[in-house]
Amino acid sequence: MIDLPFFLVASLVLAVGLFAVGLFGLMLRRGILFQIIALEIMLTGPALAFVAAGAHHGDPGGQGMFVFVLVLAASEVALGLALYLRLGRLADVADSDSVRTLRH
Amino acid sequence: MSLSPFLALLLVPMPAMGAFLLLGLGPAHLERRAVQTVGMLGAVAPMAVMLPLGAYCLAGVCDGVQPIFDLTVGDAVVALALKLDPLSALVGVTVTAIGACVITYSVDYMAKAEVPDQRRYFALMNLFLASMLCMVLAGDSIVLFLGWELMGLCSFFLIAYHVTSARAIAAGRKAFLITRVADALLLAGLLLLFLEAGSVRLDALIPAGIATDEVRRGLIAALLLGGALGKSAQIPFHTWLPSAMAGPTPVSALLHSATMVAAGAFLLARFAPFLQAAPLVMAATAVFGAATALFGAVSAVFQKDIKRLLAYSSISQIGFMLLAIGLGAPEVAIAHFVVHAIFKSLLFLSAGDMTQMARGTTDISAMRGALWARPLAYLAFVAGAASLAGIPVITAGWFSKEAILAAAWLAGPFGVLLWLVAMAAAVMTAVYAFRPVFVGLTRIDRPRPTVGGLFTNVPVVALAIATFAVAPLVEPMVAFLGGVPPHPPRAVELLGAAAPFLGMVMAAALTFVPRLSMRVSRARRLRSGIRIDGIYQVTFVQPFVGLVRWLTGQKGGIADPVGTLPILGAERLTAAVVRPFAHDPLDRGWSRFSAGLVRGWAAGRRLQTGRARDYALALAFGLALILLIAWGTTWR
Amino acid sequence: MMALGPLIALGLGALAAMLLAPKAPPAAARWAAGLGMAAAAALALTRFGLPAGMAAPILADDELARFGTLLASLSGLAALVYLRPAPPAKEGPALIALAALGGALLSGAVHAAPLFIGLELVTLSLIALFVLPLTRPALEAGYKLLIMGGAGAAALLMGLALAYAATGVLDFAGWMPGPGLRGNPVMILAAGFLLAGLAFKFALVPFHMWAPDAFEGAPAAAAAFAGAASKAVVAIALVRLTAVGLPEPVWSGGLALLGAASILLGNFLALRQESLTRMLGYSSVAHSGYIAVILASGLAAPEAVPFYLLAYAPALLAALCVAAHLGADPGIEDLRGLAWERPLAGGVLTLALISLAGLPAVGGFIAKIYLFVAILSAGAWLSVAAAVIGSALGLYYYLRFVVMLFRRIPPGQDAPLYPVHAPAPPVRTAALPVPDTAVLAAAGLLLLATGLYPGPFAEALSVLTP
Amino acid sequence: MALTALIVLPLLGGVAALLAPRLGRDAERWLSIGLLAVALIALVVAWTGAPPEDAPGEQWLAMVRYQYAPALGLQFLLAMDGLSAALVAVSLVLGIISVIVSWNIRKDSGLFHACLLWTVAASNGVFLSMDLLFFAFFWELMLVPSFLLISIWGHGDREAVALKFLVFNAVAGLGLLAGVFWMAATAPEITFDAFVFAEMGIPPVAQVWLLLGFALAFLTKLPAPPLHAWLPDAHTMAPTAGSILLAGLLLKTGAYGLFRFPGMLFPDGFHVLAPFGLALGAFGTIYGAVLACGQTDAKRLVAYTSVAHMSIVLMGLAGGVHFAMMGAGVEMIAHAFSASALFLLIGALYDRVGTRDLRELGGLMQTSPRFAAAFAVFFSAALAMPGTANFLGEALVITGMFQVNWVLAAIALVSLVISVVYATRLLKRIIFGVPSRACVTQDLDWAELGPIVVLATGTLLFGLLPQLLLVVLEPAVDAALAPLARP
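Protein chains in written order, with this note's numbering: chain U, 1 to 104; chain V, 1 to 636; chain Z, 1 to 466; chain F, 1 to 487.
Please note that the accuracy of each hint is not assured.
[To be verified] What the simulated footprint calls covered on chain F by chain V, stretch by stretch (three residues with Cβ under 8 Å from a Cβ of chain V suffice, anywhere in the stretch; the number is not a length): (1) 215–228; (2) 287–298; (3) 391–402.
[Stated by the list, open to error] Partner residues are not named here, just some residues of chain Z that face chain V (Cβ under 7 Å, in silico): (4) ILE147; (5) MET404; (6) ARG408.
It should be emphasised that the hints constitute simulated quantities derived from the structure, not laboratory data.
Even for Gly, the Cβ is constructed at its ideal location relative to N, Cα and C.
Work out the full structure: start from the sequences and follow the hints.
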């Protein structure tokens, strides 16, 4: 193992944890709105990792990537919410399991 | 290429060939008159070309080759050419002359036939003439064989001219088949010579043949002899010729007596220098010739049908020619060829004229009273018979036959034996020659004499005159061909001269003594040519037919057994290997497999639940799997 | 500056189309987007053969990038042609142009930022495109892509972040296995995340779930772009990352594993599908698998992957074009007799399907040969087994459709004997519009050309891979 | 390029012919004729063009080499020497003739013409391909249109017969395929180039096995006993055009294969197996001739004569001497003309009277003289009359046989004699005799006469001026024999 500072390892573990939390949220929550929120949580993981790694290496690139991630998260939420509203007219958005006309 | 006089050689067969193409393959519709004119012109024109060439030859320039074109096959050069030498000049003149006579004659003879039939007839006659001339003038073995084979083809079609007569067709097939056997032998001989020489020019073949080792030389010579025997209807191939008389009479006159049948003698004369290098084959030629001469003459005596009689006569006469060749006197043989061509075509044409009066039957009895009914034809027939029998001094036949007998006598003790056989044949010749003549005298009631048309009479009279006119020319002919006319002791010559008269007496007895003539008419065995046909039937035809019937499954077996072998094998294989599995394990396995696949598919598609949460689960599962692998690789 | 030309053209086209969408007639936006993509394709084409360089510090300008730009623009153009303009779909052209821009960006990416931005540009545009008809299936397809796309993007970003943490640089070139990096667990985990993120976009099993649903529910044009263009540019990104040399055996082994699984499952699930588009969705999963196993076996034949893309893209575009023509979600019975009724559509669909099946005379055959040569020479027996089984299965289900194209409609019977999907009679449509005809003809010609005269293509493509 | 056109034109033309019936009446017929005529022009262009520079021998008149997928050893390699040029010419001419003689085919006419064109295309592919993968591909491709021709437009029990044809040839084709792939696998780097195979020095034992595999395919197509059982059935049941193409093209592909490859690729194997080939040929020529004598169906009779004549070709090819090889080449061309013509005539007869049973026919000489004359001409060819190309071929083969073994020459001569029996039987039953129930009232019309005249001209032209053919074949024969020369 190459030695990494504790700070970085801890941040990375935290980041992966955030990612995992989001993923589990995606799997466990039925409401589409909550799934979109879980997505947002998933995205915070890499964002944190970028910032931490940027700080560790003293490189501004990480912060740049962080901004990109935020942009992505924002646009994804925008798209997701539009979709949510539209889908709400046609299906039961509180239970994503019912949205399964396309299958097999 | 400078213009050589031999270029004219190319022109000789051309008119006949042109007439064939126009009549046989040309699509244009032609009137009866046009058909006859074209047919006759095609036959007469070659004579007009050939006669000056013959004269040119007589004038002394008689050794020329006219190349046609060369083929190269590997190292060998196949140089096709026509050749003018004394042999081809003499035979060429004879063939063109006889051809012109016979075809002119057939204008009248065939006049009653339908136009398409006539057209076919003239086309084939012209094709025959062209091919015969090709063979005679050939300067190489390819052109020679071309003519030789085409003659056989024409012979087949002409024998089977009466297409509705099963007998005629059978006769044609028989003739074609037997001559084809001979042709195959000849082809083998020629090809072997070609391999020896690396060239097809006759001038090169003969020396090359002489130069080879003895076994090969003997074999090639024997093959050539076989070819000649078959084409010339010699023992043992003679059976086809009498049946071939089913064709129209002019066909018999031209093909089956005067020219084509005698081509065997021409062939052997052509290759005489080479044959002489194979003494055993020479001896065999002489023996076959003498035996056929006697056999043919005896058989002819017992014939009831005038055309069959003349056919056996041809067999016998060509036997004489072969005898001469076997004795080393090909020049004499060719002289006899010429003389025989003249008198035999004369006999056929005049006999045809007489029997045509009797509504088609060619029985000898139909000639009764011919002297009064058809005097001109009868007299011409007598002239021909006299020459055939060899009435001394005045007939050409006497000179040529006497030369052959002389050659035999001079050939040593073996020759004397042959001479005896030939003498017997000569006596019998006179017997059969004069039997129809005497029959022609026996008729009490005298019908009004009639005379045939112009086209009938001109050729007949011309040929009749020729039988006598050629008499003094026989010895010059031999000399012209480069031989020395043989002269035996005077006593032998006298014996020979006596033979025809002895024969005449016997013929008279056979005709006028009823008891004897009854005997003749009952001698079936002798009439049918000692039943060699029957032997062939048993030894070749029946086994072959049996083989064919067996192989085609007409005997109850499998049709085409060899071709069925792979099928049977495959069936056996199927029975052994596939069938045990066909219904049980494999087949069922396959269907179970495919059913299982479908069921699996139906189950497998449920993986795609359509629920986004399950999709996320799959994603998480995949990610976990990859990360586990990644984590695993860090252990080391 | 010229190197950025295609990107600028695509961006301007997208911008113009976006601006024109609300007020101007729908045709104007189509023209603007179409012109932008055509210009980008032309610019990329003219740049072939020029020496490689950098378009920007983080964007490569090499043959691979040009090829990706060309493929993305042309696929976008083709998809644009048969994007059926339902009323609220005025933004469609702009979205396609935007997606093509993302594709172009992705194909030139040698840095984490353009990789990520390009990928997300494509994904987000596609989500929007999917939902454009605003029907329930379309919305559902879009929703699933959104969820999966978000998760995939997060995984990709996680990978990028970990690699950045391990190396301190965002350039791919800095990720080359140096002395410090060998055996670095962070880098290894980064490779795993990267693989998962890209595999989602590439629709490899088990990240493929969105693909069949998208093909069935989304507009055919959007599915075509997702199947042809975005797959191609992701493949290019994979080629670039493979060339970098990410930690083994995670990268290659993972690719081979996912690829083999995709081949097997994709082909298997397509086996008896009745819907043409859904079948194509599963088949696209299988084809991603084929490409993945080629990549996993190394880059021995440099032209193998580009050639595969070149053969696959027109086949998919043509098949989906015909599918779009036949109405929403056509089934196998709807194809009955198409070859006799509409020879061009039937003929090109036949070509496309036999190309996908890998039969001779069309490009797919050569691509299949490349595939087998690559995996055989690498000795990847797992992949070989999967490819053989997959090809056999593929032969069955593609030919099922081909045969139906040539079945004549039973006389005196307008409707099929056993209506499978809907009781309504099949839509026996009128003649193809001219642009569709052109797309079909071009695709058919390209398929035949790559199949019968592949030499020049192979030669041109062999210089692509670094 | 012109060489490629020889294959591609009819191949694409077939597709066009499929659709052509929509354009108008007889459009597919004129289209086919036009395309084949253009292909003939392409042949002339390829033939007269400058000889290729990269050819591995001087005998090649034209060559196309195009790397298809070089990394995989796939290439498109066409090469034409004198023999292939002659055979391609024959195939194009026979293709045109087949279209003409099928003018009254109405059932699925588009597909029919497509099949004709595809047969021509595939056989041209066989005659020209020197890349063995393509050779094998065209070899198998050829079966498909022929199968359709028999099974859709045939007579009688056509489906079973078509299946028999397919099974025989497809199974035999496996030998070829196995050989090709084995060679490709053992080559230093993967390739299917016959020229490379020729250079690579296959071990003698392998050569024997490979040659056996190749010969299985070739002998079945030839066909040599005992692999001939498909031929009489296929000929009998096929439509006239199908019979013409079968006799004129398909049989020749077998002979062509035996001409081209044994010497070039497997000289050692050839020396081992040639005696068996000679024996098989000798047996086949007698066997086919004897069986022909016993047939009652006219087409079956001619089919068995094909067995006899192609066995002569086999003897010539197995002889390994110059004369015999030349003879085999000439006989291939000659038989293509004469057998096609006989099938054409019998087909025309069948169209009129509805029977081919020899026992029910007869009397053509009296009712339709042109018919009879045509029969007589090709009868002469079947007999190998001097003056026909058939004679030249057989005489050259027999000459060669005299160099190899006199017994074989004698057998060939016996077959020549038996040919009289079956040929005269055919004549006797068809053109001689009393016009029977099935008497023909309508003579050959111009559309039938035209092809007949063309075929007859070919037969007689090459018979009387054989140099035309010999100069074309000579270099090919020399090249084929060169590797056989023992050191």
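Tested hints:
1. 215–228: Since three or more residues must qualify, the claim that chain V covers the region 215–228 of chain F holds, with 4 doing so at under 8 Å.
2. 287–298: Since 6 is at least three, the answer is holds.
3. 391–402: holds (count 6)
4. ILE147: holds, 5 Å
5. MET404: violated, 18 Å
6. ARG408: With a minimum Cβ separation of about 27 Å from chain V (threshold 7 Å), the hint on Z/ARG408 is violated.
Comparing the model with each numbered hint stated earlier shows that hints 5 and 6 do not hold.
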